[in-house]
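Visitor: The lines below spell out each chain.
There are 2 protein chains.
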Amino acid sequence: MPRQRRDLTEGFLFTDQYQLTMAQLYWKRGLHERTAQFDYFFRRYPDYGRHQAGYAVFAGLEWLLDWIDATRIRDEDLDRLRSQRCASGRRRFDEGFLGWLAGTGGFGGVSIRAVPEGRIVHRHAPIAIVEGPLAIAQILETSFLNHLNYQTLVATKASRVAESAAGGPVLEFGMRRGPDTGTNAGTRAALIGGADASSNVGVSHAVGIDPQGTHAHSMVQLFMAMGEGEIGAFRAYAETYPDECVLLVDTINTLESGIPNALTVFRELRESGHEPVGIRLDSGDLAHLAVRAARMLDDGGFPEARIVLSSELDELAMWQIRAQIIEEAPRYGVDGDAVLHRLTYGVGTRLVTSHGFPSLGGVYKLVAIDGADEWVPAMKISDTPEKMPIPGDKRVWRVYDDRGLATADVVSGGDEDLSSGDDLDLYHPHREGIMRSVDNIENIEELVVPVYRRGQRLLPDASLDEMRERRLADLDRLDPGVRRLVNPHVYHVSLTGSVKRLQRDLIEQERSGG
Amino acid sequence: MPRQRRDLTEGFLFTDQYQLTMAQLYWKRGLHERTAQFDYFFRRYPDYGRHQAGYAVFAGLEWLLDWIDATRIRDEDLDRLRSQRCASGRRRFDEGFLGWLAGTGGFGGVSIRAVPEGRIVHRHAPIAIVEGPLAIAQILETSFLNHLNYQTLVATKASRVAESAAGGPVLEFGMRRGPDTGTNAGTRAALIGGADASSNVGVSHAVGIDPQGTHAHSMVQLFMAMGEGEIGAFRAYAETYPDECVLLVDTINTLESGIPNALTVFRELRESGHEPVGIRLDSGDLAHLAVRAARMLDDGGFPEARIVLSSELDELAMWQIRAQIIEEAPRYGVDGDAVLHRLTYGVGTRLVTSHGFPSLGGVYKLVAIDGADEWVPAMKISDTPEKMPIPGDKRVWRVYDDRGLATADVVSGGDEDLSSGDDLDLYHPHREGIMRSVDNIENIEELVVPVYRRGQRLLPDASLDEMRERRLADLDRLDPGVRRLVNPHVYHVSLTGSVKRLQRDLIEQERSGG
Numbered sequence: 002m003p004r005q006r007r008d009l010t011e012g013f014l015f016t017d018q019y020q021l022t023m024a025q026l027y028w029k030r031g032l033h034e035r036t037a038q039f040d041y042f043f044r045r046y047p048d049y050g051r052h053q054a055g056y057a058v059f060a061g062l063e064w065l066l067d068w069i070d071a072t073r074i075r076d077e078d079l080d081r082l083r084s085q086r087c088a089s090g091r092r093r094f095d096e097g098f099l100g101w102l103a104g105t106g107g108f109g110g111v112s113i114r115a116v117p118e119g120r121i122v123h124r125h126a127p128i129a130i131v132e133g134p135l136a137i138a139q140i141l142e143t144s145f146l147n148h149l150n151y152q153t154l155v156a157t158k159a160s161r162v163a164e165s166a167a168g169g170p171v172l173e174f175g176m177r178r179g180p181d182t183g184t185n186a187g188t189r190a191a192l193i194g195g196a197d198a199s200s201n202v203g204v205s206h207a208v209g210i211d212p213q214g215t216h217a218h219s220m221v222q223l224f225m226a227m228g229e230g231e232i233g234a235f236r237a238y239a240e241t242y243p244d245e246c247v248l249l250v251d252t253i254n255t256l257e258s259g260i261p262n263a264l265t266v267f268r269e270l271r272e273s274g275h276e277p278v279g280i281r282l283d284s285g286d287l288a289h290l291a292v293r294a295a296r297m298l299d300d301g302g303f304p305e306a307r308i309v310l311s312s313e314l315d316e317l318a319m320w321q322i323r324a325q326i327i328e329e330a331p332r333y334g335v336d337g338d339a340v341l342h343r344l345t346y347g348v349g350t351r352l353v354t355s356h357g358f359p360s361l362g363g364v365y366k367l368v369a370i371d372g373a374d375e376w377v378p379a380m381k382i383s384d385t386p387e388k389m390p391i392p393g394d395k396r397v398w399r400v401y402d403d404r405g406l407a408t409a410d411v412v413s414g415g416d417e418d419l420s421s422g423d424d425l426d427l428y429h430p431h432r433e434g435i436m437r438s439v440d441n442i443e444n445i446e447e448l449v450v451p452v453y454r455r456g457q458r459l460l461p462d463a464s465l466d467e468m469r470e471r472r473l474a475d476l477d478r479l480d481p482g483v484r485r486l487v488n489p490h491v492y493h494v495s496l497t498g499s500v501k502r503l504q505r506d507l508i509e510q511e512r513s514g515g
Numbered sequence: 002m003p004r005q006r007r008d009l010t011e012g013f014l015f016t017d018q019y020q021l022t023m024a025q026l027y028w029k030r031g032l033h034e035r036t037a038q039f040d041y042f043f044r045r046y047p048d049y050g051r052h053q054a055g056y057a058v059f060a061g062l063e064w065l066l067d068w069i070d071a072t073r074i075r076d077e078d079l080d081r082l083r084s085q086r087c088a089s090g091r092r093r094f095d096e097g098f099l100g101w102l103a104g105t106g107g108f109g110g111v112s113i114r115a116v117p118e119g120r121i122v123h124r125h126a127p128i129a130i131v132e133g134p135l136a137i138a139q140i141l142e143t144s145f146l147n148h149l150n151y152q153t154l155v156a157t158k159a160s161r162v163a164e165s166a167a168g169g170p171v172l173e174f175g176m177r178r179g180p181d182t183g184t185n186a187g188t189r190a191a192l193i194g195g196a197d198a199s200s201n202v203g204v205s206h207a208v209g210i211d212p213q214g215t216h217a218h219s220m221v222q223l224f225m226a227m228g229e230g231e232i233g234a235f236r237a238y239a240e241t242y243p244d245e246c247v248l249l250v251d252t253i254n255t256l257e258s259g260i261p262n263a264l265t266v267f268r269e270l271r272e273s274g275h276e277p278v279g280i281r282l283d284s285g286d287l288a289h290l291a292v293r294a295a296r297m298l299d300d301g302g303f304p305e306a307r308i309v310l311s312s313e314l315d316e317l318a319m320w321q322i323r324a325q326i327i328e329e330a331p332r333y334g335v336d337g338d339a340v341l342h343r344l345t346y347g348v349g350t351r352l353v354t355s356h357g358f359p360s361l362g363g364v365y366k367l368v369a370i371d372g373a374d375e376w377v378p379a380m381k382i383s384d385t386p387e388k389m390p391i392p393g394d395k396r397v398w399r400v401y402d403d404r405g406l407a408t409a410d411v412v413s414g415g416d417e418d419l420s421s422g423d424d425l426d427l428y429h430p431h432r433e434g435i436m437r438s439v440d441n442i443e444n445i446e447e448l449v450v451p452v453y454r455r456g457q458r459l460l461p462d463a464s465l466d467e468m469r470e471r472r473l474a475d476l477d478r479l480d481p482g483v484r485r486l487v488n489p490h491v492y493h494v495s496l497t498g499s500v501k502r503l504q505r506d507l508i509e510q511e512r513s514g515g
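Respectively, the protein sequence lines represent chains W and R.
One gets the numbering used here by counting positions in the first sequence from 1 and adding 1 to each.
One gets the numbering used here by counting positions in the second sequence from 1 and adding 1 to each.
Any given hint could turn out to be false.
No copy labels: a pair is met if it fits in one copy or bridges any two.
[Unchecked claim] Within a straight-line C-alpha distance of at most 20 Å, the following computed EDC-like cross-link-like pairs (lysine to aspartate or glutamate) qualify:
1. LYS388 to GLU240
2. LYS29 to GLU240
3. LYS388 to GLU313
4. LYS501 to GLU511
5. LYS388 to ASP48
6. LYS501 to ASP418
7. LYS501 to ASP424
8. LYS388 to ASP283
9. LYS388 to ASP286
10. LYS29 to GLU229
11. LYS388 to GLU257
12. LYS29 to ASP95
13. LYS29 to GLU245
14. LYS501 to ASP338
15. LYS29 to ASP244
16. LYS388 to GLU511
17. LYS501 to ASP423
Everything labelled a hint here was simulated from the structure, so no lab data went into it.
Pulled out of the complex, with its shape left as it was, chain W reads as follows:
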């Protein structure tokens, strides 16, 4: 997209119109600089239909902070807002309001506490808490949600794909069917969440990971059209990339043409002093073909050659393929485990679109406004208790039990310090009368920590590897039942007694017309 249009559509005006109309209303009422708190959280883990997530992987924070830092209100943005007219023909935005907006400079005036990127997060508990001037924090909502919802969605999917790969390398290939430039955020999230590498050249370089890719069917077609056939294409590839030779074997017929031609070229490559890397299968019954290919590669003297699978893969498809391989392998005289160990997974469209659950319903809810000398909690009353945010200024903690496993995330009041690790009474976040006492606590960790304060980053930028390590460390401390791909156990997210009482009081107050 040309830079001029990008500045208009990806800068300060990358927001929903109602954020601006509300901001002006706050300005007119003199409320615009009141300090407000908004919580970011989601209510439902991704549910892909036949399989479901029991946790999510938080991603998108650094790119969000980059956007906040880079975004300034430009004269052109103000001119566009000046050009808006009401039905009556009057200007929609008052010059005084626009002048105030211009004076803020942008979003630098907010402070953010958040879970560090790459960590496992759960529903209902705040993942990020924004504090800042009401009108500015309100305008920020759209971009905030946009940056975090999509990356968290894709990182979660990637973590599941990686679990299904059981240690086999996962390559992210989704660009061509990803959502315009948003696919770059998808690639980054996939790399945080579980992909080992990506085909996306620009983003791979931006995050410091070697991009991956070999060749497509079109290369084989080209050599066929020139009369040199599939083997001509394979020879050209092996000659150009003798140490990285992965051949795509399904352009004509995998078992009758592709693999035999690949074996011929692999032998020639070995004679010239190079070892081939492997083959790629991109169509047909991948499990069956992987077994047959393994046998043919073994018999041909290439038991180390890798088998890259691609074509509509996701965590469930991969799980099924692995099961089928274990079942089918003995019939072809192959060790099924050995086949599994030589697999690499190319996962594309279904990863970057989070197939089956294409959007995370993360929300950004007003929970408190500054009062005379303390936070005044705010609440949305709903007929659906699960839709009510947890009111007030809060802190978020993760409780580990004596097995070293995370047993609950706990939301406390802003003035409660749980770090002493004493026994806790925990209350259900939305239902009344459900509580439990936890007494086998080994350790309590504060989960939501300061990351940004009025233009300053409070944590050093983490590398992608650090984010991945956070994820792996959190997964290690998560109950295996919660990690299960299908029908996972429910992880406990609870409130302390004081937060529960506040929630109850506010509901009663509002329902009685307070």
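Place chain R on chain W using the hints.
Guide: Frame of chain W, contents of chain R only:
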């Protein structure tokens, strides 16, 4: 995202790694400047599960051309490619290849024929045809697919939503759960495909459409936290926007609090000389609440007040809501048709994520390479006949019958001119022995037309309104059975006899080891 990273990730390196490895191979073999043709087409209409599309709306072309025009190979891009190393430690990309790449400047050397944006398109037939130096046209593939697949997917969904709205205004609200900055392309596509306006401020201004939005629950919560209650929020809104007053009535309780408070404020507004616009319902049983709201607004003296519905809407949900309204309305003494006529639809997440079918499988396939004095057709042989592209240099036509309806899209050879409108023998694109003769032809129109030639736009940029008019004109000439939301009729896409013969010859040639 900071500009520096954006230049790296959204510029020349916005591609898959294998495009670059193939391009270098072509360079090493002296094939890089051979002129090649690639077809862009899709094989499956969106199938959302319980409902399916029988057509698609083409979108994304102008932003793709903008990207092509704006994208230059920068020194930093070359430096990144220089930094890549093979497993052996050698540089992956030869300096000679990088020098050649730099010399091309970018993608300006390609030519593109395409269907104009906003038009209805069908599976299998080429929607766009790229002609250019092999290596450059190959590198372009990823961005080409990325730009066209997502916008065509969303424009198609928007067209269905608009059909379901049956003339009622549709507002696109999807930013917050859209895919990072890609959501901007989604907004644009929605506006081309059927949305009347959007909440997306930046994109609305970029395309010249007034952005839409009123207020969120948070504004009501704020006034509640300040002790002024829901009615305080409504009064503040009416005072600030007296001529655009739409009130969100479900923060506490729609029927017992929201609508009564809205009516009070509407009466005050009228007394001060302004007419309210309406209310918005964002939760609960929207059909039931719309009927009840209509009755309350009628009884309160506001029969003209609009009812805006939002919350997880898509074409099927809207269809069901409309049916339920017709059924429920009489029970509350309301005219169901009158309720339908006052509805406005806010469609968000399910539109920009194309709920149920989150990616269009558009592909970009090599179909021909320049020969001594004519195009040499290229083909991918597959066990699935539907996966084979139509080989060779081609033209695409739309045939209208004597009812004025489009009856088939026809793919001819590049040297065939069907515009004379004679009787045609049409062949099934993938199955043998299926043909039909068409003799009631009124008109034949060439569908894929030159749009870009080596850096020059060949069509004037169309306004969004022109694109919408193209869509509406095409829909008018489409069989209503093909437009049906569920189980649509199959639209015919056919080949001329000469293309069918070429396809058959190539398959035989390749299968016999040619």
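Visitor: Hint by hint, say whether it matches the structure.
Guide: Hint by hint, here is what the structure shows:
no., hint, in the structure
1, LYS388 to GLU240, "neither (60 Å within a copy, 30 Å between copies)"
2, LYS29 to GLU240, "between (71 Å within a copy, 10 Å between copies)"
3, LYS388 to GLU313, "between (34 Å within a copy, 15 Å between copies)"
4, LYS501 to GLU511, "within (16 Å within a copy, 72 Å between copies)"
5, LYS388 to ASP48, "within (17 Å within a copy, 31 Å between copies)"
6, LYS501 to ASP418, "within (16 Å within a copy, 76 Å between copies)"
7, LYS501 to ASP424, "within (17 Å within a copy, 77 Å between copies)"
8, LYS388 to ASP283, "between (43 Å within a copy, 13 Å between copies)"
9, LYS388 to ASP286, "between (43 Å within a copy, 15 Å between copies)"
10, LYS29 to GLU229, "between (74 Å within a copy, 16 Å between copies)"
11, LYS388 to GLU257, "between (57 Å within a copy, 19 Å between copies)"
12, LYS29 to ASP95, "within (9 Å within a copy, 63 Å between copies)"
13, LYS29 to GLU245, "between (64 Å within a copy, 16 Å between copies)"
14, LYS501 to ASP338, "neither (51 Å within a copy, 46 Å between copies)"
15, LYS29 to ASP244, "between (67 Å within a copy, 16 Å between copies)"
16, LYS388 to GLU511, "within (15 Å within a copy, 60 Å between copies)"
17, LYS501 to ASP423, "within (19 Å within a copy, 78 Å between copies)"
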